[in-house]
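Please arrange chain Z on chain W, whose structure you already have, making use of the hints.
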Amino acid sequence: MKWIKAGGALLITLALAIVFSSQLGPVPALGPLLNPVSGFWQSDGPQHKPHHVWLTGMGLQDSVLVVYDDRRVPHIFARNNHDVYFAQGYVTAQDRLWQMDIQARSGAGTLAEILGEGLVEIDKEQRRKGMMFGALNKLEVYEQDELLMPTLTAYTDGVNAWINQLSHRDYPLEYKLIGHKPAPWTPLHTLVMHMNMASTLASGTSAAGMSNVREALGDDFINRFLPAYPADMDPIIPENTQWPFNPVSPAEVPDAFSPVTLSDANYAFPSPYLGSNSWAVSGYRTESGRPLLSNDMHLELSLPSIWYEVQLSSPDMNVYGVSLPGAPTVIVGFNSDVAWGVTNSGANVLDVYEITFEDESLSRYRHDGQWKETSYVVEEIPVAGGHAVIDTVWYTHHGPVGFLDRENLKGQATQWIAHRASVDLRTFYEINRAGGYTEFVEGLQYFDVPAQNFTYADREGNISLWHNGLFPVRWEGMGDFISDGSDPAYDWNEFIPRDHVPNITNPERGFVSSANQNPTDPEYPYFLGRFFASYERGARINEVLSERYDFTYADMLGLQLDNVSLTARTGLPLLLSLFEEHSSYEELSSEEQQFIEQLRSWNYEMLGDAIEPTLSRLWLTKTRRKIWDQVYSRTDRRPVRYPDNSRTIQLMADADDYQMMLNDFAGGNGSPLPEIVAQGWKETISQLREERGTPDNWNWADVQNVRVVHLGRIDALTRAGIQTHGASEALNSKRGSVGPSWRMVVSLEDEIRAWGVYPGGQSGSPGSVHYDDFIQPWADGEFFPLHFFESGEEAISWIQQGHQTQRVSP
Amino acid sequence: MKASVVIIVLGSWGLMLFLPWWTIIFPCFIAGLIGPDRGYKAFVAGLVASGGLWLALALFADFQNSGVLTGQMASVMDLPVWAVYAATLFVGAVTGAFACLAGYLVLGRGR
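Here the protein sequences come in this chain order: W and Z. Going by our numbering, the first residue of the first sequence is number 739, and it counts up by one from there. Going by our numbering, the first residue of the second sequence is number 1490, and it counts up by one from there.
Pulled out of the complex, with its shape left as it was, chain W reads as follows:
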């Protein structure tokens, strides 16, 4: 009996030890998680007040000083370039390790390895997209680069020095929740991070949607309603600029190609919401007589943030700005002489090709009248708690075959500029050290993808903008549709020489600006692609910058927060006047009449606490949809690309144009515009009532639901429902989980002054006060002065004097 009892107690003890050590369904292993010595209780991350540390040993060549200011921005002072990048890797991993790991896994297609079979399809997609293919191609040329490979290696060693001294107790919270541990970092991981950026900004394509539109409606429709050079565009490089060079000629334009439809083919359209604003104002338009530079990049808002603020100082460099966790250098920022910012280019750098295979072996495909060999890569996708999944990816000279129809021996391959070998980070290495315009331009040549509008200003008074990247030489329309993979006319043979890309320096109008819109007018001798951002933000910047000659930095902060919607300013008066022509206008309830009155007196500012933005946006969206559905409902081909707001508004303003559109493309059928606008209004009101109840719940901020989303999609660690102003087409460009991811203004005076803010916090640890401490200031339109120290001593004395960063607002 005694032994039975003792045995029973022992068994229960062991069972408890085992059960609490095991993950049970969605419940993580409770023992390690709740262990107060090494479990989640210890994953608090830094709570530090400002302080400084000296890093030594670990592979450093000398000692490195890191001074953390009161916002936990590390200011790194090193005695050589190896050490500065080593330390950058070290401190970034300290604050952002889990983010770096999960983002690298997401790009490389190894999420299932830690998160299980639910992620296999996502991993597969990344591999078929050629993410690793591109990263490996890049690694080969990095290895030949005498500056960048040591930089990558030093950064990698710094990250691993941090990882190597971690015990379970120190792991970021997310690892403890999923019961995993950080993997060692490699230079390839950094290049996968670069592929992620390229994927976010330059991998969308309208080709499938456009081929469907062409098939159903023809080129005439496209030229009129989906034009490459919209009538109201206000290009980045002012119209009528001369291009003093002999352009490289493209291939002969082939006959239009009709692709077959692949049922499972699925491509992301370029996101119209990922955009950015940037401008530089020359000294004769500023109060100080010195240039001002402004940049805010509209990206997916995440926690931890996509950006990590840092100052890097070594004997040949002193630079401040934001870095990408996982990559060395500063991506956007300033040094003691120059400042730069970026906005994304909408140029088409991803083409989709229809491939015809010879037989079921898929070993040969048609090209230039011959059968050519394919190659293939067997992708092995590891799966946590299961067997690895094998996926074969076929390659043509265009690129990887993403979608296959084996029965009909057809496939679709993508050729993507990001697949090519390039040492893009070298651009930032060079610009971080640039002392002036010449060095800035020399640095740009290394940057191929994702193509950016680099805005520049320096203390000598120069301002400049380069639409910079690697672009294939295209005949007009090339790549707009699914391309014929067997016809060499669609091959990428030559690329626009770097000194031919659109650029402008010290223009007469006294400013340069970009907001992702068309880079040039049609006189520019190369065709870059069909779809750039619509004109609204760019035109608004130019409108305001043209007005004055006494701009201050506060004006620049203010302009970033400008909420005026040119879409509403042009579209709403038309909606209102068309509505008046309809009989139902006379029958509106008193409440609806009140709404109409409010809209009439509205100033088109997309304010979070107003309902006019909600009504105007929804009404226009519904109207636009209804107008084009009259045409698109005549085909069942999907997806299709819709004409944008601005073209729709032009159409609404021109009754004849509208009637011709119906005659030519809707078989003469269709509703009169007042009828459509009236229906749009009715549906707007009923949808709002249905989804949101009474009008006190219709405020724009509640409809927008601006949010900063946890990268692991853990709701509790996401910040949602942020009360703030702005809209995608306004300069204060926010929409859901997309918005200004880093706001920066730099005044290039004798001593550079700068301000910045991003919606997140320096620490990736949800237990840190620095996890989300910038979100509220960001939402309230506040900025932090950026502390740019000349020396380590200055930085230490600044923190020792107990300074506190005071927020500023315009």
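Just so you know, not all the hints are guaranteed correct.
Said to hold, decoys possible - Derived lysine-lysine pairs resembling BS3-like cross-links, with alpha carbons at most 27 Å apart: (1) Lys743(W) to Lys1491(Z); (2) Lys1148(W) to Lys862(W); (3) Lys1360(W) to Lys1420(W); (4) Lys743(W) to Lys1530(Z); (5) Lys862(W) to Lys787(W); (6) Lys862(W) to Lys1110(W); (7) Lys1530(Z) to Lys1491(Z); (8) Lys740(W) to Lys787(W); (9) Lys1420(W) to Lys1364(W); (10) Lys1530(Z) to Lys740(W); (11) Lys1420(W) to Lys1530(Z).
To be verified - Covered stretches of chain Z (chain W as the covering partner; in silico rule of three or more C-beta atoms under 8 Å from a C-beta of chain W): (12) 1507-1520; (13) 1555-1562.
Just so you know, these hints were derived from the structure itself, not from any lab. Built from N, CA and C at the ideal position, the CB exists for glycine as well.
For chain Z alone, kept in the frame of chain W given last:
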């Protein structure tokens, strides 16, 4: 009983600093071997000492962090904060209690 509590607290704490959480069953087991003269006392000693240690350490960590992390963790688990403490206490206390009882029963002292 006092001796058991001291062995459990010092032993568990020391082991947890370097080894996985479940190694607390060893000091608890040993405390059961040498301390209590009744089974229920062994059980209570494990329950109180191990649970108390986990709770105290958790409170200390929470205090150092001003409660930020516990709040986040509670919302991740969709529980109130006190339940996160209760779960921590439960894992430490129950494991410690049975380990200590097992030690006591194996030696078979008392009546």
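Right, here's what the structure says about each hint:
1. Lys743(W) to Lys1491(Z): holds, 24 Å
2. Lys1148(W) to Lys862(W): holds, 20 Å
3. Lys1360(W) to Lys1420(W): Distance of about 10 Å is within 27 Å: holds.
4. Lys743(W) to Lys1530(Z): Distance of about 16 Å is within 27 Å: holds.
5. Lys862(W) to Lys787(W): Not OK: Lys862(W) and Lys787(W) at ~44 Å, beyond 27 Å, violated.
6. Lys862(W) to Lys1110(W): Given pair Lys862(W), Lys1110(W) holds - Cα atoms ~26 Å apart, limit 27 Å.
7. Lys1530(Z) to Lys1491(Z): holds, 11 Å
8. Lys740(W) to Lys787(W): The hint is violated at about 58 Å.
9. Lys1420(W) to Lys1364(W): holds, 13 Å
10. Lys1530(Z) to Lys740(W): holds, 17 Å
11. Lys1420(W) to Lys1530(Z): Violated, at roughly 75 Å.
12. 1507-1520: Coverage by chain W holds for the stretch 1507-1520 of chain Z (5 residues, Cβ < 8 Å).
13. 1555-1562: n = 6 at 8 Å, threshold three: holds.
Going through the hint list in order, the structure does not satisfy hints 5, 8 and 11.
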